[in-house]
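First to last, the sequence lines map onto chains H and R. Note that the numbering used here gives residue 27 to position 27 of the first sequence, counting from 1, and the numbers run on in steps of one. Note that the numbering used here gives residue 151 to position 151 of the second sequence, counting from 1, and the numbers run on in steps of one.
Since the hints were derived computationally from the structure, they do not count as laboratory data. Take the hints with a grain of salt, since some may be wrong.
Below, a sample of chain R positions facing chain H; criterion: calculated Cβ distance under 8 Å [to be verified]:
{"id": "1", "residue": "P39"}
{"id": "2", "residue": "F312"}
{"id": "3", "residue": "S492"}
For lysine-lysine, the following DSSO-like pairs were computed, each having C-alpha atoms within a straight-line distance of at most 30 Å [claimed, not checked]:
{"id": "4", "chain 1": "R", "residue 1": "K211", "chain 2": "H", "residue 2": "K206"}
{"id": "5", "chain 1": "R", "residue 1": "K72", "chain 2": "H", "residue 2": "K40"}
{"id": "6", "chain 1": "R", "residue 1": "K72", "chain 2": "R", "residue 2": "K84"}
{"id": "7", "chain 1": "R", "residue 1": "K40", "chain 2": "H", "residue 2": "K11"}
Covered by chain H, per the in silico footprint, the following chain R stretches (three or more residues, Cβ under 8 Å) [unchecked claim]:
{"id": "8", "stretch": "19-29"}
{"id": "9", "stretch": "134-141"}
No experiment lies behind these values; they were computed from the predicted model shown. Think of the CB as a built atom: it goes at the ideal place given N, C-alpha and C, for glycine as much as any other residue.
2 protein chains.
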Amino acid sequence: MGEVFENSVIKEIINRYKFIWSIDYAMGLLEWDMETYMPKEGIIERSIANRHLSVLEHRLLLDPELVSLVEKAKSIETLNDYEKGVVRVLDREITKAKKIPESLIAELREVTIRAHEAWVTSREKNDFSIFKPYLEKIVELEKRMADYLGYVEHPYDALIDYYEEGWTTKDVERMYDSIIPELKSILEKVMSDSRYPKCHYLESYKYDITKAVEINNRLLDILGFPRTRARIDVSEHPFTINFGIRDARITTRYEGYDIKRTIYSAVHEFGHATYELQIDESLSGTPLARGVSMGIHESQSRFWENVVGRNFAFTKIVGSLIREYFPELKNFSDEDIYYYINTVKPSLIRVDADELTYNFHVALRFRIEKMLIGNEIKVSDVPDIWNNTMEEYLGIRPKDYKSGVLQDIHWSQGSIGYFPTYSLGTIISAQVGYAIEKDLGKKLGDIIDSRNFAEIKEWLKRKIHRFGATYAPKELIRRNLNEDVNPEYYISYLKNKYL
Amino acid sequence: MGEVFENSVIKEIINRYKFIWSIDYAMGLLEWDMETYMPKEGIIERSIANRHLSVLEHRLLLDPELVSLVEKAKSIETLNDYEKGVVRVLDREITKAKKIPESLIAELREVTIRAHEAWVTSREKNDFSIFKPYLEKIVELEKRMADYLGYVEHPYDALIDYYEEGWTTKDVERMYDSIIPELKSILEKVMSDSRYPKCHYLESYKYDITKAVEINNRLLDILGFPRTRARIDVSEHPFTINFGIRDARITTRYEGYDIKRTIYSAVHEFGHATYELQIDESLSGTPLARGVSMGIHESQSRFWENVVGRNFAFTKIVGSLIREYFPELKNFSDEDIYYYINTVKPSLIRVDADELTYNFHVALRFRIEKMLIGNEIKVSDVPDIWNNTMEEYLGIRPKDYKSGVLQDIHWSQGSIGYFPTYSLGTIISAQVGYAIEKDLGKKLGDIIDSRNFAEIKEWLKRKIHRFGATYAPKELIRRNLNEDVNPEYYISYLKNKYL
Chain H
1 MGEVFENSVI KEIINRYKFI WSIDYAMGLL EWDMETYMPK EGIIERSIAN
51 RHLSVLEHRL LLDPELVSLV EKAKSIETLN DYEKGVVRVL DREITKAKKI
101 PESLIAELRE VTIRAHEAWV TSREKNDFSI FKPYLEKIVE LEKRMADYLG
151 YVEHPYDALI DYYEEGWTTK DVERMYDSII PELKSILEKV MSDSRYPKCH
201 YLESYKYDIT KAVEINNRLL DILGFPRTRA RIDVSEHPFT INFGIRDARI
251 TTRYEGYDIK RTIYSAVHEF GHATYELQID ESLSGTPLAR GVSMGIHESQ
301 SRFWENVVGR NFAFTKIVGS LIREYFPELK NFSDEDIYYY INTVKPSLIR
351 VDADELTYNF HVALRFRIEK MLIGNEIKVS DVPDIWNNTM EEYLGIRPKD
401 YKSGVLQDIH WSQGSIGYFP TYSLGTIISA QVGYAIEKDL GKKLGDIIDS
451 RNFAEIKEWL KRKIHRFGAT YAPKELIRRN LNEDVNPEYY ISYLKNKYL
Chain R
1 MGEVFENSVI KEIINRYKFI WSIDYAMGLL EWDMETYMPK EGIIERSIAN
51 RHLSVLEHRL LLDPELVSLV EKAKSIETLN DYEKGVVRVL DREITKAKKI
101 PESLIAELRE VTIRAHEAWV TSREKNDFSI FKPYLEKIVE LEKRMADYLG
151 YVEHPYDALI DYYEEGWTTK DVERMYDSII PELKSILEKV MSDSRYPKCH
201 YLESYKYDIT KAVEINNRLL DILGFPRTRA RIDVSEHPFT INFGIRDARI
251 TTRYEGYDIK RTIYSAVHEF GHATYELQID ESLSGTPLAR GVSMGIHESQ
301 SRFWENVVGR NFAFTKIVGS LIREYFPELK NFSDEDIYYY INTVKPSLIR
351 VDADELTYNF HVALRFRIEK MLIGNEIKVS DVPDIWNNTM EEYLGIRPKD
401 YKSGVLQDIH WSQGSIGYFP TYSLGTIISA QVGYAIEKDL GKKLGDIIDS
451 RNFAEIKEWL KRKIHRFGAT YAPKELIRRN LNEDVNPEYY ISYLKNKYL
């Protein structure tokens, strides 16, 4: 795009922002290292460094000169889209930093450290009462957070917007209202279709980890994972982190059984990494050099994981690698592998859920969060509501807290308002798949068969990635997919695939 | 030691310093990652982050409130040793930061980036004239640096003190005057002793790298490398870096031949790591939580590498591992291995030099640096002086620049005044060995035979490590070894060992 920042106020803002960017960059590396290579006891001083760097970043963000430059820029009428983006993103961050008192941040950090321990113990002992007081405190603090941030209709709006700029409780409700009944009907039909197995031999097949590492690397190479700008390592929970736009780190894990788990983690994280690696170079080191929201980020990871990765054409590639590295599995046909990778069954654990049941899990959490933040229910009501909703949605009921209300780490970390972005991303991923096929005039399966993944990446770059955070999520989709976020594509995708 | 900071001014200084410490911590991790795992293109944005973090650190160091607190603390008479140490270290840093203009730092950074490239090309083409103008510029900037820093007798004093607090050109001259003639005489005798081979079969023996990795890990475990606070990785040039006192990272390299190189790199770096890992916990996050100087640091690495590592008792351990992992070498006796590890021969390359010839290499660089900074010679004179001095010291003469004046990276990095700390560290390492044997009433060889390395580490912790930067180098040695730095121990050590 060449040089995109011309206004002198914006240039001055970006120069000052580079210090904040650098601290952010460093904190990213601290986090990556903590999850991958850090010796255990290093955590003590790592936390101290982290805390001080956060405070420094906060101070730099509220630096009066930066704040007044941003204020000044808001009234300039001749800014181009990128310049407007810089102002929008920084104004949002400064406003948040101003509204939320440091004491609340500190209190939340304090309680979440202890809440995490309590959550672990609570799970181990299958005793919700251990975690309950912490969750109560967290909900209380999140309500205060919502009050500080402000909202028009529902306090939960403030929390959603924190993760997904411009989205509201109503938006999320509308989204679930349009997909839940459809998902139910598709799921019912698939459950009576014997082609989709409820369990599969390969789920319990024990694999040699060194071979799985090679398979992941082969697949990443096929996808065009740029090794001079990216790497894959191992961590307990798979994640992606980018330092700038020329250094992306993804991780996966190797459980030693059910090999699709490690493969599809890697493909998922590849999607996250590719997003930020394809941001335009002219945005490097600016507030725009990031994924614009959790939902858009998740749309990219789930696009590669599901829309591409679980496509028959892609599972053929996976299957050929599995047969090559594990000759004892040579009798598994492409179809066997496809149905192994696309097993469908109502299950209790969100992270193990298939494409058809996944959103029920997320919708359940949204329902509960909204009622908690809206004072409609108490924390003590949550386990029963969880179990009843699970039965209503998927016809199954957790037998213990670990497979029910205590399964996710999010609440113990104080993340309330985050879950809906998982569904949003999933829905957008199908809309992206539709738009690609329409634009390129080809079926995704054919592109995958030809292994021309560069064509897909090029499209994603042109339509979404290169802009970074230039446009707010809704505007990004509207401008580039020529339509608002529309769950119908997701439903058609599932119908086409499963029925 | 318990809580050692009681004065409220000092406590306030330390609180403010924690931000500087955190930036330093992060920059350490950035550097470690750059040398180990960073994807190649990451360097572009890594440099930007680094530059901004350096500027932030510089600003925080010159923050008027911190500066005035340190000024205030200088006049408090009731400070304990640790509190005085905090004032001494920070006063030194602030003074340097004040004296050296940012423009000089920037110019030096600028020229060294280009100088490095020129140095590489100059080596490749065996053409000193390519590097010459850069070295001229660097020498000019270093002279200006010396003028800014100030000195009493010789401008080179200012540069030495930069790396080795309290040391002067005279100190270094005195050191070399007392060791060079002795070293010459020992070397002459050893060269006519057929037990010390000039080359050894194992130098060209090609090893399997995965086995060498295991040997290094076995050795580190025997030495008590604390895996919950430390790790070893691979990099092009071996180095050690500590983040705080609970996370040390060492590296080594695997050339695939002459296995002692990788093993003794690992043992050398183990010495560096152990120093900072054994700093007292009460100093964590303060200006004292670091090795006090390059010389003291090098004394620790060379103590483990040479005084312990090249001791017959230790080479027996190395030998047993070599025979275990490479059964085809099972006929090499403990004596064979000892003489392999202790090969002596005049050679042209410093980093490959043995214990007897090493200091000639460093003395040569010191001589040249002193004359350059003192305006006694020009850069164009350096290659001839280098070659003549090499002939005078070791009786050999480089045939090209790569094995002569262009062999070290240091000058291209603007490091002038650094080399003498290598000799200083080597000398102190023998003095430490002497003090341990005297204090514990045991021979080092016996302690090594019993594999009770904890006893050695405990002694080092008590006498040197735990203090971090509390005492300036000379005072640290005087207080804890009950004597000034004394090269006689080094000479006796060599005589005992080689004659």
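Hints, verified against the model:
1. P39: holds, 5 Å
2. F312: violated, 32 Å
3. S492: Violated: closest Cβ of chain H sits about 39 Å from S492 (chain R), beyond 8 Å.
4. R:K211 x H:K206: Roughly 27 Å separates the two Cα atoms, so the pair holds.
5. R:K72 x H:K40: violated, 39 Å
6. R:K72 x R:K84: holds, 12 Å
7. R:K40 x H:K11: holds, 28 Å
8. 19-29: holds (count 8)
9. 134-141: With 0 residues close enough to chain H, the hint is violated.
In the structure shown, a violation is registered for the earlier hints numbered 2, 3, 5, 9, in ascending order.
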